[in-house]
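Chain order of the listed sequences is A and B. Quick note: the first sequence uses my numbering, first residue 1, plus one each step. Quick note: the second sequence uses my numbering, first residue 1001, plus one each step.
Hint data in this document are derived by calculation from the structure and do not stem from the laboratory. Cβ atoms here follow ideal geometry from the backbone N, Cα and C, with glycine treated the same way. All the pointers check out, no bait thrown in.
DMTMM-like mimics (lysine to aspartate or glutamate), calculated; alpha carbons at most 25 Å apart, straight line:
(1) A/Lys102 with B/Glu1022
(2) A/Lys69 with B/Asp1103
(3) B/Lys1041 with A/Asp9
Chain B is faced by these chain A residues, among others (derived, beta-carbon under 7 Å):
(4) Arg42
(5) Gly43
(6) Leu44
(7) Phe46
(8) Lys49
(9) Phe105
(10) Ile107
(11) Gly108
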Amino acid sequence: AQSVAQPEDQVNVAEGNPLTVKCTYSVSGNPYLFWYVQYPNRGLQFLLKYITGDNLVKGSYGFEAEFNKSQTSFHLKKPSALVSDSALYFCAVRGTAGGYQKVTFGIGTKLQVIP
Amino acid sequence: GAVVSQHPSWVICKSGTSVKIECRSLDFQATTMFWYRQFPKQSLMLMATSNEGSKATYEQGVEKDKFLINHASLTLSTLTVTSAHPEDSSFYICSAKPGGPTDTQYFGPGTRLTVL
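The following block holds chain A by itself, in its conformation from the complex (with noise of 0.2 Å):
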């Protein structure tokens, strides 16, 4: 079965400073990973993905995410931390083997960026 680990229930971080939020998974076949973001009481907004390809993914507001292989890790970082950016995000994961699956989300880390 696949899952997806995210190990911090909470981030705190400086505003201006740079963030990651970890992610880990477990899957069989090769990975489609995605990052989404949720604000209190909306739904999720789609961030980034990992289908194939660079390593090293660019998506919204700035955010990137880093495909790790070998640790089977897809962190999602920032260079610069804004205060909007305090919100809960979620790892979500896909395996590709044995026909279609369905996406596993990880439980949630809160970050939190200090002004």
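Starting from the known structure of chain A, arrange chain B on it as the hints suggest.
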């Protein structure tokens, strides 16, 4: 582009009544729509997957007779919570996936259901 709407955004109902939630893809055709339930401080739990014109596929443990899903067109799916009870109170989120090679799901803003 890729906007998904949900209606209503919040609803309060009495125990025993039924509630219908609509999910629409506004600027694309969604061959597949998903319904999720999110509990406070928890991740999304996939309830069911629906493809236009066919019956929904429910996840294990989800009662298909209680959570009726209809995907009548390429832009509309509905979730009806029948005979709602307080334990059905939750945040329900739909997502839609365009056809073709893209694998990205686009999410609606969610519906907060409170059953009294």
